[in-house]
Amino acid sequence: MTEHAHHDDSGMAELLELDGTVLAGHLGTVTGWLAELATDPPARIVDLGAGTGNGSLALATRFPAAGIVAVDNSPRMLERLRTAAARQGLGDRITTLEADLAHGWPATGRPDLVWAALSLHHVPDPEALLRQIHDVLPGDGLLVVSEMPGQLRFLGEDPWEQRLHDAIAKRHLGFDPHPDWTATLARLGFRATRRDFPIEVSEPAELVRRYFLAFLRRMRDHLTEHLDAADLHTLDEIVAGGAAGLAPVVRTGRTVWVARRDG
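Quick note: the sequence shown uses UniProt numbering, first residue 1, plus one each step.
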């Protein structure tokens, strides 16, 4: 699943918002790590591919003096982000900018921290964007790139879920293959630290169940030609029955690179 470069619809927005709630602990861990690595607390943060604002909200909470520019190409996602920021009392600190990263670095001024969570691999020319980020970051500024190392899973080694993921892979949905950015960052003049974060969430059970069902609903319309009739029927039964009798557990992960200009 991606948090960005998404289709502009309510189903994806629901999934992104649930993603932020379910993975709140992970976001807290990552932003805590950034606080340890930063020379000084960032005053200006740019969130590239912000979606419904999971990263922006977590960063605003971690760095209470920072102003944040949330960039996305979807006006509907940005509207939901503004609503969430206002609800959390952060509306005066998070501003939004509608822009397409395919056109390069947006006009956001000079940031102290750039956050790109599950967005960089969607950019047609990521190296060009990274060069621009390198040019605008101050010497002690941070670039944070986050990617998903594998499929989002809920039912462990369940054969039906494996067939579902095989079908998702055929449609290039869900997990997106991405480069190991380590060599690219080094070649472009960054000094990067990589860290892998395994994620497993089982509670609150009702929240995890809602996330599972939202994921299935999101995938359903795309899989008609790639799942056999029996597997589609199983999917529909799970959704119609609210995943009754199942105990889904979120199993996923993130690979995070934190980079500075080298020299």
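Derived from the structure by calculation, the hints contain no laboratory data.
Each residue gets a CB set at the ideal place from its N, CA and C atoms; glycine is no exception.
Keep in mind that the hints are not guaranteed to be accurate.
[Claimed, not checked] Have a look at the derived ranges for each label pair, beta carbon to beta carbon:
no.	residue 1	residue 2	range
1	GLY245	ASP92	41 to 51 Å
2	TRP160	PRO41	39 to 49 Å
3	TRP160	GLN132	36 to 46 Å
4	PRO75	ARG191	15 to 25 Å
5	ARG217	ALA186	18 to 28 Å
6	PRO41	ARG191	16 to 26 Å
7	GLY109	ALA240	48 to 58 Å
Checked hints:
no. : hint                        : in the structure
1   : GLY245 / ASP92: 41 to 51 Å  : holds, 46 Å
2   : TRP160 / PRO41: 39 to 49 Å  : holds, 47 Å
3   : TRP160 / GLN132: 36 to 46 Å : holds, 44 Å
4   : PRO75 / ARG191: 15 to 25 Å  : violated, 36 Å
5   : ARG217 / ALA186: 18 to 28 Å : violated, 41 Å
6   : PRO41 / ARG191: 16 to 26 Å  : holds, 20 Å
7   : GLY109 / ALA240: 48 to 58 Å : holds, 49 Å
Checked against the numbered hints listed earlier, the structure breaks hints 4 and 5; every other hint is satisfied.
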